[in-house]
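**Student:** Each chain, written out:
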Amino acid sequence: MRFLFPQESQVAHPRASLLVLVWEHIRLVAISSTITIIIGVPVGIWVTRTSGKDFLPIVTALTSFGQTFPPVAVLALAVPMLGFGLLPTVVALFLYGLLPVVRNTIAGLQAVPDNLLDAAHGMGMSQMQTLFRVEIPLSARVILAGIRISVIINIGTAMIGAVIGAGGLGSPIIAGLVQDNVAYILEGSVPAALLAVLADQFLGNVEETFAYSEGLNSLSLRS
Amino acid sequence: MIRLEGVTKHYGDTRAVDNLSFSGAEGEVCVLIGPSGCGKTTTLRMINRLIEPTSGQIFVNGQDISQVRPEKLRQSIGYAIQSVGLFPHMTVGANISVVPELLHWEKERIAKRVEELLVLVGLEPEEYTGKYPNQLSGGEAQRIGVARALSADPPILLMDEPFGAVDPLTRERLQVQFMDIQKKLRKTIILVTHDLDEAIRLADRIAIMASGRLVQYDTPEAILSKPADKFVHDFIGTDRALKRLSRIGIEKFVKAPPSVSLDASMEEVQQVCEQCRWVWVVDKDKCLIGWIDRSNLAEAASVAEAVVAVDRDAIAITSGATLKEALSRMLSQGMNNIPVIDNRGRITGEITLGDIEVATKETEV
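Top line first, the protein sequences correspond to chains P and G. Using our numbering, you'd call the opening residue of the first sequence number -13 and step up by one each time. Using our numbering, you'd call the opening residue of the second sequence number 19 and step up by one each time.
Take the hints with a grain of salt, since some may be wrong.
As the list claims (entries may be wrong) - Computed spacing ranges between beta-carbons, pair by pair:
1) P:Asn191 to G:Lys90: 33 to 43 Å
2) G:Val137 to P:Ile21: 24 to 34 Å
3) P:Leu73 to G:Gln85: 21 to 31 Å
4) P:Gly38 to G:Lys90: 31 to 41 Å
5) G:Gly24 to P:Gln113: 29 to 39 Å
6) G:Lys90 to P:Leu73: 26 to 36 Å
7) G:Glu44 to P:Ala47: 51 to 61 Å
8) G:Asn361 to P:Thr195: 52 to 62 Å
9) P:Lys39 to G:Tyr29: 10 to 20 Å
As the list claims (entries may be wrong) - Sample of chain P residues at the chain G side, in silico, Cβ under 7 Å:
10) Leu63
11) Pro66
12) Ala97
13) Met109
14) Ser112
15) Thr116
16) Pro123
17) Leu124
18) Val149
19) Gly151
What the hints assert, rightly or not - Output of the computed footprint for chain P on chain G, the stretches with three or more beta carbons under 8 Å from beta carbons of chain P:
20) 102 to 110
21) 116 to 129
Quick caveat, the hints were computed from the structure, so don't treat them as lab data. Given the structure is predicted, the values throughout are model-derived calculations rather than measurements. Note that CB positions come from ideal geometry on N, CA and C, so glycine has one too.
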């Protein structure tokens, strides 16, 4: 790095090694994304059931609201209540990443053709069996796409965690901005971008294993 | 076996089904037919409780179905629908195994059953078990749909236009196969269709419905000869005589065909030709390959030269066909007699236009 920025006195963020920063970042995203999935997918499932159908509009509105709300504003509101560090950042990331997961879960489940549900019920599957044997396998690809988008968004948005001391790859960027040190900024942003690309590839591959749902439309038309 | 008593279904102010009572006898095919919106599908779906009736009772095997848990009821009733509804994420084998798995059958028993059913619907188990639904043709998918409906060997089958989504030729084949299977299995079947020809062909009894009511419930023959009212009369149309032909199988009218082998000598052929104007020619496996016209024989140097080759599938019909099919084949081919072949292409007989005339007169009411 030195040869790129000969005028800088330091080219690496002094607080922690790159490896530690990456680890902190991954941890942040992993925790918030896990909570997003654990809450988002069941909520998406619930509002497509008969019991939760009435809540579909309000859930859609709330999750959209969560995403329009800037994460920085969430941090500003959360810090007085939750203090500094990991917790408020996780809350902000959770709210921000919820929309794609919930929206795709709903869209995926609603796209399962009626004739398949009719067949499933007509053969004597219970609601639960229909959900786990037919609906979720068939919408898995769309749901996973939502999770992928959510994770990618979180990898980028997790940068703001550094503002309130949650660590991660945002730390060198903020330090770089304060000290006008481009090397610091790159130290934070390049690995974050790589992380995003890797996560996208990996989750994309997982989605591909559910590729059968792609032929769904043509199939239901033909048969 | 299946009995409906005063069954009514309201959707708001509209009566989809209005005080309907009828029963389907054990081992019989009962076809519900009528114009769209007449309530036939609603009726079918009430029998396995996919729709709950507003009032009235339905009995299956003497038991009031409102007292049976819907899942349990449905697992004991086969269900086949027009859109087939094969699960695209499961193989053919897994699709057929759904109900046996719900019933917790053992693995070996399920595997055996899948194989049995694929053979029954005429698909090679080794080839098809592992295929996915998007690798199937429309006709194959429909057959798998029927196999799936039969998977747990239910005594009752509900079928909603099971042959609706395929081309006419495939539909005809599926219908013939359906009748073969039904002859073997003797299931109690309620089948919904809007295709009168299909109804006449498959039904032991036809229930004609109009705006939620049962208009006439009788055998196809009786409906064709004695329509209950003007609606039924108009519904069955003007070609009643022709439709009746589709109720009559050809097997009673098939005669031994005059045929010679391809390697027969000229003398043999001439001998056979003395009795009739032409003879069918078969190869050494007795498969039909063509015919010889007596007038051609004089000019030809050898038997092989005199043969007019034919496309077997285009001119011949199979032994399970009806007189109506035979007639339409004769008309389309411009022939007065056509050969009957078995499923391996071997000639088993022939049928003539004269036979059909006789049959029409005999069944005239």
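**Student:** Each hint: holds or not?
**Tutor:** Outcome of the hint check:
Distance hint for Asn191 of chain P and Lys90 of chain G: a CB-CB separation of about 41 Å, consistent with the stated range 33 to 43 Å. For the pair Val137 of chain G and Ile21 of chain P, the beta carbons lie near 52 Å from each other, so the given range of 24 to 34 Å is not met. The hinted window of 21 to 31 Å between Leu73 of chain P and Gln85 of chain G is violated, with their beta carbons roughly 55 Å apart. With their beta carbons about 26 Å apart, Gly38 of chain P and Lys90 of chain G fall outside the hinted range of 31 to 41 Å.
Taking the beta carbon of each, Gly24 of chain G and Gln113 of chain P are about 30 Å apart, inside 29 to 39 Å as hinted. The supplied range of 26 to 36 Å is broken by Lys90 of chain G and Leu73 of chain P, whose beta-carbon atoms lie about 49 Å from each other. In this structure the hint that Glu44 of chain G and Ala47 of chain P lie 51 to 61 Å apart at CB holds, the actual value being about 56 Å. Checked against the hint of 52 to 62 Å, the C-beta distance between Asn361 of chain G and Thr195 of chain P comes to roughly 41 Å, which is inconsistent with it.
Look at Lys39 of chain P against Tyr29 of chain G: about 19 Å separates their beta carbons, and that is inside 10 to 20 Å. Look at Leu63 of chain P: its Cβ only gets to about 43 Å from chain G, farther than 7 Å, so that hint breaks. Here the hint on Pro66 of chain P is broken, as its CB sits about 48 Å from the closest CB of chain G, past 7 Å. Interface hint status for Ala97 of chain P: violated, as the beta-carbon distance to the closest one in chain G is roughly 12 Å, over 7 Å.
Against a cut-off of 7 Å between C-beta atoms, the interface hint on Met109 of chain P holds, since the closest Cβ of chain G lies about 5 Å away. Annotation: Ser112 of chain P was flagged as interfacial toward chain G, and the flag holds, the nearest CB pair being 5 Å apart, inside 7 Å. Annotation: Thr116 of chain P was flagged as interfacial toward chain G, and the flag is violated, the nearest CB pair being 10 Å apart, outside 7 Å. At a threshold of 7 Å, the smallest CB-CB gap from Pro123 of chain P to chain G is about 5 Å, leaving the interface hint in force.
Because the closest C-beta pair between Leu124 of chain P and chain G is about 6 Å apart, less than 7 Å, the hint holds. Look at Val149 of chain P: its Cβ only gets to about 44 Å from chain G, farther than 7 Å, so that hint breaks. Nearest Cβ of chain G to the Cβ of Gly151 of chain P: about 46 Å, over the 7 Å cut. The hint is violated. Coverage of a stretch by a chain is defined here by at least three residues with a beta carbon nearer than 8 Å to that chain's beta carbons; for the region 102 to 110 of chain G and chain P the count is 6, and the condition holds.
Figure legend: the region 116 to 129 of chain G, annotated as covered by chain P; annotation consistent (3 residues with Cβ-Cβ distances under 8 Å, at least 3 required).
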